[in-house]
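Top line first, the protein sequences correspond to chains A and B. Each step along the first sequence adds one to the number in our numbering, with nothing skipped, and position 73 is 66. Each step along the second sequence adds one to the number in our numbering, with nothing skipped, and position 10 is 3.
Treat the hints loosely; a few may be bogus.
As the list claims (entries may be wrong) - Each pair of labels, with its calculated beta carbon distance range:
1. Leu311(B) to Asn200(A): 47 to 55 Å
2. Glu241(B) to Ile(-1)(A): 35 to 43 Å
3. Ala217(A) to Gly208(B): 48 to 56 Å
4. Gln64(B) to Phe56(A): 31 to 39 Å
5. Glu(-4)(B) to Gln312(A): 56 to 64 Å
As the list claims (entries may be wrong) - Far from chain A by the CB rule (all over 10 Å, computed), these chain B residues:
6. Lys18
7. Ser92
8. Tyr205
9. Ser264
10. Leu276
To be clear, the hints were calculated from the coordinates, so they are not data collected in a lab. Just so you know, even glycine gets a beta-carbon here, dropped at the ideal spot from N, CA and C.
2 protein chains.
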Amino acid sequence: MTELTIVQAAELLCRQDNILVLMHKSPDGDTVGCGYALCAALRKLGKHAQPVCSDPIPKVFSFLTEGFEQQSFEPEYIVSVDVAATTLLGDGLSIYKDSIDLCIDHHPSNTGFAKNTYVDGTAGACAQIICKVIKAMGVSFDRYIANAVFTGIATDTGCFVFSNAGAEAHSIAAEMINEGAESAMITRRIFETKSRSKLELEKMAMNTLKYYHDGKIAVIAVTAEMLSVTGAEESDTEGIASIPRQIEGVVIGITVKERSSGIYRISVRTSDGADASAVCSVLGGGGHKAAAGCSIEGTLESATETIVAAAEKELERLQ
Amino acid sequence: MTELTIVQAAELLCRQDNILVLMHKSPDGDTVGCGYALCAALRKLGKHAQPVCSDPIPKVFSFLTEGFEQQSFEPEYIVSVDVAATTLLGDGLSIYKDSIDLCIDHHPSNTGFAKNTYVDGTAGACAQIICKVIKAMGVSFDRYIANAVFTGIATDTGCFVFSNAGAEAHSIAAEMINEGAESAMITRRIFETKSRSKLELEKMAMNTLKYYHDGKIAVIAVTAEMLSVTGAEESDTEGIASIPRQIEGVVIGITVKERSSGIYRISVRTSDGADASAVCSVLGGGGHKAAAGCSIEGTLESATETIVAAAEKELERLQ
């Protein structure tokens, strides 16, 4: 594995054609923003480029996906964006796991699975890196690319709320707005719009709230039954992960979501120096310091017990 | 009333001493950020300057108020920041209403009550203007001033979610972070921290949600009883105002809060071109296009009926 600079990554991309850009499974605004921004930029250079994902892209990002021509070609160059490990490609893209030519990512935990890699663990969003790569490729920005980059930054920083929203996130956001990004439309769609069923789901989930460890740990549960009763979709559960950590005194906020019978997807959000990635990595997961995830098999009760125990260990380490 | 430029406002301030800076009643992060940033800058020029408000400053802004020396002097120059009309000074400061020397504001509805005025209705936050005034005064930024300016911008843009979070808001935010602003601490305190009682209050308020006009209007009620049952404070009701507008399909989101027996404080939030200020101004209130407020006397039912009727008129105007 070779570590590249931004300029080297851009130069490599400029020399390729028929480029497939892999996004991670359960796609969020950052991987989607990166995939579509990069492909739009590559197409402006006359290349064939197509973003692909093993899961459907959520409807909330339709302003990026609709009208973006689907190109079919024999892939000659494989790039991954915002993908920390090949397990995150999902089944649909796992065929590419040993043949990724270029990995562009911002996860410090990136496993170095590609031939060439550019990882900046200090970037709040991978879209900040993609923005620099596009500049280095010499492609001029337009409203579409600006929207895609802004989407990535806004999503991964929780709309500039999280601690990863640094000066660079804001200054690139300003630049993208000046390039035509429809920031108000994007933030309204992603952060200010809830379906009625999502609202109902949040009410039900909030009723499950439990505190542990002197109120330093808070856990919210989302069961499959809640989804079916409210008619909410899997993607409606996303905002819920940030609720427990918002409560005064809570250092580690946990959401336990029932994925399929017996499998629970855990989201961990931390503050005050607690390391979410450390909590999740002992259970086979990973992520960032302030936000990470893992999966646990069992019952709702046993999964909760397991993750609370891991969180308590992290609190003890901090003392 | 004379309309000034930023430079003229800065020059005027540089010539004064013993400056009293008036903030609006029910202080929010923008008026507080402006008041403390401006006074800190004036003090760096060796002047006496004191921010004052007719209501207590909420504890969430203690990182600005604590340790900020209280100066007592005979005021020689009176400045108001983020105050659209003298009625908003509150009883405690109404003695100054006819003697305000300089008004710095970003409300297009500013009534022009001061001898000299600088109003920029396009600024998302008044703190963006204060930042420019401080620069024009030749004062160098420090962490304290950067924190105060960042607080103003983050508060008035709903942490960069609202449509008023333009390129300037982001670029000044980036600048303030580079000047030392503790953005993560500030956004966490203001947007990511809820007391348990606030969480309970939100749950109860969400249960009152009602839809009108084909789901284009949504109304949430907060009664005095809810506050007493949950132990929540008046300031805990603030985030609730943004909930109804977040619901898919809702164009006008309304919150009806019981202030004292028979008086209801109404918050209106709009999207898709609807004018919140127009809805509220017919009832004696005002504000911005996307966010405005007014007070209505009556019962919860009659106040709701009145504001819904005003909102329906605005929807009809839009057709």
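So, going through the hints one by one against the coordinates:
1. Taken as a hint, the range 47 to 55 Å is violated for the pair leucine 311(B) and asparagine 200(A), whose Cβ atoms sit roughly 37 Å apart.
2. Between glutamate 241(B) and isoleucine -1(A) the Cβ separation comes to about 39 Å, which falls inside the hinted range of 35 to 43 Å.
3. The hinted window of 48 to 56 Å between alanine 217(A) and glycine 208(B) is violated, with their beta carbons roughly 28 Å apart.
4. At about 51 Å, the beta-carbon gap between glutamine 64(B) and phenylalanine 56(A) misses the expected band of 31 to 39 Å.
5. Range check, glutamate -4(B) to glutamine 312(A): about 58 Å between beta-carbon atoms, so the 56 to 64 Å window is met.
6. For lysine 18(B), the non-interface assignment is confirmed: its Cβ lies about 26 Å from the closest Cβ of chain A, beyond the 10 Å cut-off.
7. The claim that serine 92(B) is not at the interface with chain A holds, since no C-beta of that chain comes within 10 Å of its own (minimum 39 Å).
8. No beta-carbon of chain A comes within 10 Å of the beta-carbon of tyrosine 205(B); the shortest separation is about 14 Å.
9. The non-interface label for serine 264(B) is inconsistent with chain A: the shortest C-beta to C-beta separation is roughly 6 Å, within 10 Å.
10. Against the 10 Å criterion, leucine 276(B) stays outside the reach of chain A, whose nearest CB is about 25 Å from its own CB.
Checked against the numbered hints above, the structure breaks hints 1, 3, 4 and 9 and satisfies the rest.
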